[in-house]
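2 protein chains.
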Amino acid sequence: MKAKKIIVIGGVASGPAAVAEARRTDSEAEITIVEMGPDISYSACEMPLYVSGEIANSERLVRYPVDQFKEHFSSNVLTHHEAESIDVQKRVVTVRDLATQRVRDLSYDKLILATGSGAVVPEALQSSSRDVHILRSLQDARSVVDTLEARTIHHAVIVGSGFVSLDVVESLLHRGIRVTMLASEGRVLNGSLDGDMSTLVVDHLSQQGVSVRSERATSLDVAPDGSIRAVLTDVGEIIGCGFVLIAAGTRPLTELGIRAGLKTGKSGAYEVDSQLQTSAPGIWACGDCIEKKDAVTGKSIRAPLALNAFRSGRVAGRNAARSGKGRPSRLEPVVRATAISVCGLEVAHTGWSVEEARNVGLAAVGETIAHRSASSLANHHPLSVRLVADPSNGKLLGAQIIGVQGAAQRINIITALLRTGATVDDLYNVDFVYSPRLAPAHDAMMIAARTMQKRLIGKR
Amino acid sequence: MKAKKIIVIGGVASGPAAVAEARRTDSEAEITIVEMGPDISYSACEMPLYVSGEIANSERLVRYPVDQFKEHFSSNVLTHHEAESIDVQKRVVTVRDLATQRVRDLSYDKLILATGSGAVVPEALQSSSRDVHILRSLQDARSVVDTLEARTIHHAVIVGSGFVSLDVVESLLHRGIRVTMLASEGRVLNGSLDGDMSTLVVDHLSQQGVSVRSERATSLDVAPDGSIRAVLTDVGEIIGCGFVLIAAGTRPLTELGIRAGLKTGKSGAYEVDSQLQTSAPGIWACGDCIEKKDAVTGKSIRAPLALNAFRSGRVAGRNAARSGKGRPSRLEPVVRATAISVCGLEVAHTGWSVEEARNVGLAAVGETIAHRSASSLANHHPLSVRLVADPSNGKLLGAQIIGVQGAAQRINIITALLRTGATVDDLYNVDFVYSPRLAPAHDAMMIAARTMQKRLIGKR
Numbered sequence: 001m002k003a004k005k006i007i008v009i010g011g012v013a014s015g016p017a018a019v020a021e022a023r024r025t026d027s028e029a030e031i032t033i034v035e036m037g038p039d040i041s042y043s044a045c046e047m048p049l050y051v052s053g054e055i056a057n058s059e060r061l062v063r064y065p066v067d068q069f070k071e072h073f074s075s076n077v078l079t080h081h082e083a084e085s086i087d088v089q090k091r092v093v094t095v096r097d098l099a100t101q102r103v104r105d106l107s108y109d110k111l112i113l114a115t116g117s118g119a120v121v122p123e124a125l126q127s128s129s130r131d132v133h134i135l136r137s138l139q140d141a142r143s144v145v146d147t148l149e150a151r152t153i154h155h156a157v158i159v160g161s162g163f164v165s166l167d168v169v170e171s172l173l174h175r176g177i178r179v180t181m182l183a184s185e186g187r188v189l190n191g192s193l194d195g196d197m198s199t200l201v202v203d204h205l206s207q208q209g210v211s212v213r214s215e216r217a218t219s220l221d222v223a224p225d226g227s228i229r230a231v232l233t234d235v236g237e238i239i240g241c242g243f244v245l246i247a248a249g250t251r252p253l254t255e256l257g258i259r260a261g262l263k264t265g266k267s268g269a270y271e272v273d274s275q276l277q278t279s280a281p282g283i284w285a286c287g288d289c290i291e292k293k294d295a296v297t298g299k300s301i302r303a304p305l306a307l308n309a310f311r312s313g314r315v316a317g318r319n320a321a322r323s324g325k326g327r328p329s330r331l332e333p334v335v336r337a338t339a340i341s342v343c344g345l346e347v348a349h350t351g352w353s354v355e356e357a358r359n360v361g362l363a364a365v366g367e368t369i370a371h372r373s374a375s376s377l378a379n380h381h382p383l384s385v386r387l388v389a390d391p392s393n394g395k396l397l398g399a400q401i402i403g404v405q406g407a408a409q410r411i412n413i414i415t416a417l418l419r420t421g422a423t424v425d426d427l428y429n430v431d432f433v434y435s436p437r438l439a440p441a442h443d444a445m446m447i448a449a450r451t452m453q454k455r456l457i458g459k460r
Numbered sequence: 461m462k463a464k465k466i467i468v469i470g471g472v473a474s475g476p477a478a479v480a481e482a483r484r485t486d487s488e489a490e491i492t493i494v495e496m497g498p499d500i501s502y503s504a505c506e507m508p509l510y511v512s513g514e515i516a517n518s519e520r521l522v523r524y525p526v527d528q529f530k531e532h533f534s535s536n537v538l539t540h541h542e543a544e545s546i547d548v549q550k551r552v553v554t555v556r557d558l559a560t561q562r563v564r565d566l567s568y569d570k571l572i573l574a575t576g577s578g579a580v581v582p583e584a585l586q587s588s589s590r591d592v593h594i595l596r597s598l599q600d601a602r603s604v605v606d607t608l609e610a611r612t613i614h615h616a617v618i619v620g621s622g623f624v625s626l627d628v629v630e631s632l633l634h635r636g637i638r639v640t641m642l643a644s645e646g647r648v649l650n651g652s653l654d655g656d657m658s659t660l661v662v663d664h665l666s667q668q669g670v671s672v673r674s675e676r677a678t679s680l681d682v683a684p685d686g687s688i689r690a691v692l693t694d695v696g697e698i699i700g701c702g703f704v705l706i707a708a709g710t711r712p713l714t715e716l717g718i719r720a721g722l723k724t725g726k727s728g729a730y731e732v733d734s735q736l737q738t739s740a741p742g743i744w745a746c747g748d749c750i751e752k753k754d755a756v757t758g759k760s761i762r763a764p765l766a767l768n769a770f771r772s773g774r775v776a777g778r779n780a781a782r783s784g785k786g787r788p789s790r791l792e793p794v795v796r797a798t799a800i801s802v803c804g805l806e807v808a809h810t811g812w813s814v815e816e817a818r819n820v821g822l823a824a825v826g827e828t829i830a831h832r833s834a835s836s837l838a839n840h841h842p843l844s845v846r847l848v849a850d851p852s853n854g855k856l857l858g859a860q861i862i863g864v865q866g867a868a869q870r871i872n873i874i875t876a877l878l879r880t881g882a883t884v885d886d887l888y889n890v891d892f893v894y895s896p897r898l899a900p901a902h903d904a905m906m907i908a909a910r911t912m913q914k915r916l917i918g919k920r
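Protein chains in written order, with the numbering used here: chain A, 1 to 460; chain B, 461 to 920.
The hints are simulated quantities; they were obtained by calculation from the structure and are not laboratory data. Using N, Cα and C, we set each Cβ at its ideal position, and we do this for glycine too. Do not rely on the hints blindly, as some may be mistaken.
What the hints assert, rightly or not - Listed below are the simulated BS3-like cross-link pairs for lysine-lysine, each with C-alpha atoms no more than 27 Å apart in a straight line: (1) A:Lys325 to A:Lys299; (2) A:Lys395 to B:Lys855; (3) A:Lys395 to B:Lys753; (4) B:Lys785 to A:Lys454.
To be verified - Derived contacts from chain B toward chain A, CB cut-off under 7 Å, selection only: (5) Ile800; (6) Ala808; (7) Tyr894.
Can you build the whole structure from these sequences, using the hints too?
In structure tokens:
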């Protein structure tokens, strides 16, 4: 019997996970992974540690260098190759070698799309200046570091206020560079944090000397030698700077599949079933380029997170390779849960914010409380907890937690409960540990739950 | 209509909570709280901070001084009064004023027993030496501090290795006193930690210079002037010391109720229904002196923890005061979950250890893994996670987590899941946050869950 041909397109996180699981499932298959950039199998989430200079060598972000990956998974690796088109009927992918521009056809029995997501750069801000950057790939990170280390930069402008922006703020401050952040409506982590919690982060950034401005960047002033001079804004300001990062949003990279007729959802990501099969026979998809099912509401959502990339990669890899043998894997519904360290502040969220829930027509109310991380008699620091619940039945929809320490692990508690359809009462009833040096007699989450209970029974 | 008379016996944690809730429920009731010691409404869990000298004044552990308590809850407070007997038929409690030895009868309509638990001191170690202490009440703590501050103590012996012992080790080290701990079988936190996790704590104590010995104390050598000279052990050792703490276990204080015919369970604590009513009409009980229902197994257990004291106090207070009006409160089944800071190490547990589960006839297997608290490229420290599960169905029974930071909050995640009857798969599926500086791509609990999954499907 001829070995099955499996092609995986996309090499960062989900693609390599798919290769690994496909190899575990079928030791005979001929597996090829195709990646546009020079690297595969690296940790994009850790790039801020490299941009900051804490890690000197970008290779430390690579889990498997190409040669090791080939050997470890007995697979072919085509880096610097772009997949240009898919012939769904003939089961052929056309790829271009970006070094030679040579085009060739690769036939497949099973295809896995793991093309991820890409930066959205407004047209007016597109620039070939060596000082204007995005940060999606490891190559982007190397380019950023080259710029930062080529000469002394005093002031940087970051366009956008999401996770990448906040990561890079910390990296730039670490290098002693002053930062201005252009944040839509003066808000950060929109979609994760409601307004009051965003304000806590903005205040913290301001205390670190970051200038957070609510203007919109309208154009760039680039000198004839290609260096940046300034960012111009919608109120006519000219913000002089030596470095610009555009991190104004991401979108799923699905043009390849769309051209081949694959269905996408409202978010632009591929529609897949619970086994991660796309609308086309023989084609699976995984990672940032697919829609997942939200565990809280059952809605289709994008959830471009590392853990989802690994997990969905494994599901797609197994199902593509199994050929009807054994049980298919399924991707469990997901909860969007994130944490980020912002200049020494832990900022974490899970599930739905009030604003986001209302945007999709869900009834949602929020309550925010402040409490201590530990006993007032021991070392402690302030924690802010915001809960989001459905007022009709008390069901938890999400939470946001900010503090010097412990926010990330506390958010995991709510995530665990969200998966079970828990109510505010269920959160209140958790037997939170108490130890004066570690946790107060009544944990901040218990107090938040109690506050929400009172709100919901109309006692306030 | 005559105001209802409510008497609460026991003034530390559960009793004051019962008074507060009774007052909220019935603004007219005549409420009296009876306490043997001089203090009411204090935080016993914070006593180690006073013993260590971090808090100079014991009054800071008191939430409501007697006068404030009286005023705030419009209640009578009888400190230095011991309840000697209950006449269940006549609804009378006989109390003795410990200052005057005067005895008198107090009649009640509703009675709440919140007598807590007391230290078990082996007969051979009972002593009136000013250097030999227990640590249960705030008076005990003052007595300990008086001894520690009266003269220079170089070496202390702690008999026992439970929570109080570990708390006091840290307090004594903080004062520069060398410590020997006599730990049954060389183990600490028996009942909470399985052997391998106990070893991690013992190793840490040893690194701090604490001598942990598995001998048993058989007698005390007390000088004619009442000062301690040495602790003698079952292998004939003579351990010279200037201070001894006996913290060899606790038992529920239920003699009062037993003499009045109230039913107790196997543990010696009062049997109560979910509304916390005892077997006698008109008598409720709460706190450390009652049995609770375990949320994991449905078994009756003791769970002498502060949060249970507050919660059960509120339930008993409301139900005793409501007189058929409104809905009765119920005490939810509980999960035993604890955390303690041991000389900079967080040690946390929830639910059942393997040994404890097997002791009551439950099938249980354990798996322990070691992982990092954060990305290997960022600051991180080791974490050890032990999961306990029912091998027949993968249901989680408990967990133990030890690490420099984050163990206490991580254990809350498992506690939240234990309340839902979750399996190891449910734990694995939690969307743990990932952020290089805060949490690794695969959280230690996810790796522990994966390891247990493999064990349970016999792949190892």
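Right, here's what the structure says about each hint:
1. Restraint check for Lys325 of chain A and Lys299 of chain A: the C-alpha separation of about 30 Å exceeds 27 Å, so the hint is violated.
2. Straight-line distance between C-alpha atoms of Lys395 of chain A and Lys855 of chain B comes to about 24 Å, which keeps the hinted pair within the 27 Å bound.
3. Distance restraint check for Lys395 of chain A and Lys753 of chain B: the Cα-Cα separation of roughly 25 Å lies within the 27 Å cut-off, and the hinted pair is therefore satisfied.
4. Taking the CA atoms of Lys785 of chain B and Lys454 of chain A, the gap is about 20 Å. The hint holds against a cut of 27 Å.
5. Interface hint status for Ile800 of chain B: upheld, as the beta-carbon distance to the closest one in chain A is roughly 5 Å, under 7 Å.
6. At a threshold of 7 Å, the smallest CB-CB gap from Ala808 of chain B to chain A is about 6 Å, leaving the interface hint in force.
7. At its closest, the beta carbon of Tyr894 of chain B sits 5 Å from a beta carbon of chain A; the interface hint therefore holds under the 7 Å criterion.
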